[in-house]
Structures are given as C-alpha cells and as structure tokens.
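Student: So you can see what is in the structure, the chains are spelled out below.
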Amino acid sequence: DGGITQSPKYLFRKEGQNVTLSCEQNLNHDAMYWYRQDPGQGLRLIYYSQIVNDFQKGDIAEGYSVSREKKESFPLTVTSAQKNPTAFYLCASSNPGTGTEAFFGQGTRLTVV
Amino acid sequence: AQSVTQLDSQVPVFEEAPVELRCNYSSSVSVYLFWYVQYPNQGLQLLLKYLSGSTLVKGINGFEAEFNKSQTSFHLRKPSVHISDTAEYFCAVSVSGSARQLTFGSGTQLTVLP
Chain A
44 DGGITQSPKY LFRKEGQNVT LSCEQNLNHD AMYWYRQDPG QGLRLIYYSQ
94 IVNDFQKGDI AEGYSVSREK KESFPLTVTS AQKNPTAFYL CASSNPGTGT
144 EAFFGQGTRL TVV
Chain B
460 AQSVTQLDSQ VPVFEEAPVE LRCNYSSSVS VYLFWYVQYP NQGLQLLLKY
510 LSGSTLVKGI NGFEAEFNKS QTSFHLRKPS VHISDTAEYF CAVSVSGSAR
560 QLTFGSGTQL TVLP
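Chains as they are written, first to last, in the working numbering: chain A, 44 to 156; chain B, 460 to 573.
Here chain A stands alone, though its shape is the one from the complex:
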C-alpha cells in the first residue's frame, strides 16, 4: 500500500532532551512537510522540503530541525530549544504543482514529561 508512515504514534520526552520523529513515504512524492497541531489552532507549518538535500523553514521553525537525505524520508528533530513541544505532529507529502493535494500520515503525539 502506498502511503505515509509516521512513527512512533505516541512519544514521551523528558525536558531538555532532543527527540526525532520519523516520517517515511512510498508515494514517490518530491515534496514533504511537517505540521504542528494544537487544539483550536489548526495546523501550522514547521518545515518543508521540495527536493532531496533542500528544505525551508515554515512559520514556526524555531526549536526544530530536519534533514532530507533521501526522497522517501523527512525526519523531524524537536530540540531542547523548543519551549512548548507537547503537540500532535503531522507529516505530509505531495507532488508540487497545480492544485495537488497533500497526503498525511497518522501523526505522532509528543508529550513532554
């Protein structure tokens, strides 16, 4: 089945620790995205990548880092600099172009304890 796989589904982190969220897609999409979702705020773009070895900051990139070494993979690291990391994180992919929709993974819920 083609799709986007995020792992783990639930993640707990101690304050001061970095943690990496995995996102893999087998849709052969060029573009990948990371969104953060908080109650009542919709989805906010953290980082996006249009092509391997290139990525751009979104609206709320501070305290996050990404890499895009392979077309299929776009991991997100939540660093200790992120002041309020508890949230639901969604990865998406698409083929950039006219009106193509994004396909989403099932999300990772990160909780800082």
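Quick caveat, the hints were computed from the structure, so don't treat them as lab data.
Warning: the hint list may mix true and false statements.
[As the list claims (entries may be wrong)] In silico SDA-like links for lysine to any residue, alpha-carbon gap of 25 Å or less:
no.	chain 1	residue 1	chain 2	residue 2
1	B	Lys528	A	Thr143
2	B	Lys528	A	Glu144
3	B	Lys508	B	Ser529
4	A	Lys100	B	Ser529
5	A	Lys57	A	Ile103
6	A	Lys57	A	Phe146
7	B	Lys508	A	Lys57
8	A	Lys114	B	Ser489
9	A	Lys52	B	Gln501
10	B	Lys517	A	Asp102
11	A	Lys57	B	Lys517
12	B	Lys508	A	Leu70
13	B	Lys508	A	Lys52
[Said to hold, decoys possible] What the simulated footprint calls covered on chain B by chain A, stretch by stretch (three residues with Cβ under 8 Å from a Cβ of chain A suffice, anywhere in the stretch; the number is not a length):
no.	region
14	472 to 481
15	502 to 509
Built from N, CA and C at the ideal position, the CB exists for glycine as well.
Position chain B relative to chain A; hints supplied.
Tutor: For chain B alone, coordinates are given in the frame of chain A:
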C-alpha cells in the same frame, strides 16, 4: 499571503439534519481550495478540492462544497449527517506556484447528536 477563516469552531447538529461548515479565505491571487476531515488521533483525509471549472464540487461521504469567488467562500455542506460524520473539518488553501502548499483554517468540530 493567503489566510483561511473558519467561522465556527463547534457545530452540533442532530442526526439526519443538514449541515453547513463555513470557510472564507483571503488571497490576492488565484487559489485552490480543499476540505479535509480528521478523526480523533488520526491524520487528515481529503474530502474534496476545487481547482477550476464548476463551482460546485462533490466529495466523498456525501459532502459537497461551493466555491464563491465574489464572497471568497468555500462552504462545506451535507444534506443529511450521520453519527459517523462526527470529526474535525479543516478548510485549506494553496496558491498557484507556491511551494508552501497549504494554509489551514483553525478547524470546525462537527458533532452529530443522536
């Protein structure tokens, strides 16, 4: 830059009643419009999209939406809802040529009551 406003954060409705979820957008250029649905602790699933052509767009699960350029709206409708339609619904916009893909509204929680 474009933006999306979903006017209602919560919409309760009885089963088999009609529903309309409102979405307005602002953009200085042509846009593409989308509605997504999210069930609890799940990702987003595309309901329907407007790219061009007919302003009435039909999607999955009996939903439809109408693009109104003069009112910059893209309201989602269903003539008769089911309990299983209870979910959060997001309106989103993308701009032609934009690499940033989607800008989302804040979401509308639809709750269908028995």
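Student: Run every hint past the structure and note whether it holds.
Tutor: Here is how each hint holds up against the structure:
1. B:Lys528 x A:Thr143: The given pair, whose Cα atoms are some 20 Å apart, holds under the 25 Å limit.
2. B:Lys528 x A:Glu144: 20 Å, holds
3. B:Lys508 x B:Ser529: Cα-Cα ~18 Å, so holds.
4. A:Lys100 x B:Ser529: 33 Å, violated
5. A:Lys57 x A:Ile103: 21 Å, holds
6. A:Lys57 x A:Phe146: 31 Å, violated
7. B:Lys508 x A:Lys57: 41 Å, violated
8. A:Lys114 x B:Ser489: 30 Å, violated
9. A:Lys52 x B:Gln501: 10 Å, holds
10. B:Lys517 x A:Asp102: Violated. B:Lys517 to A:Asp102 sits at ~32 Å, over the 25 Å cutoff.
11. A:Lys57 x B:Lys517: 46 Å, violated
12. B:Lys508 x A:Leu70: 20 Å, holds
13. B:Lys508 x A:Lys52: Given that 25 Å is the threshold and the Cα spacing comes to 28 Å, the pair is violated.
14. 472 to 481: violated (count 0)
15. 502 to 509: Held - the region 502 to 509 of chain B has 5 residues with a Cβ nearer than 8 Å to chain A, which meets the minimum of three.
Hints 4, 6, 7, 8, 10, 11, 13 and 14 from the list above are not met by this structure, while the remaining hints are.
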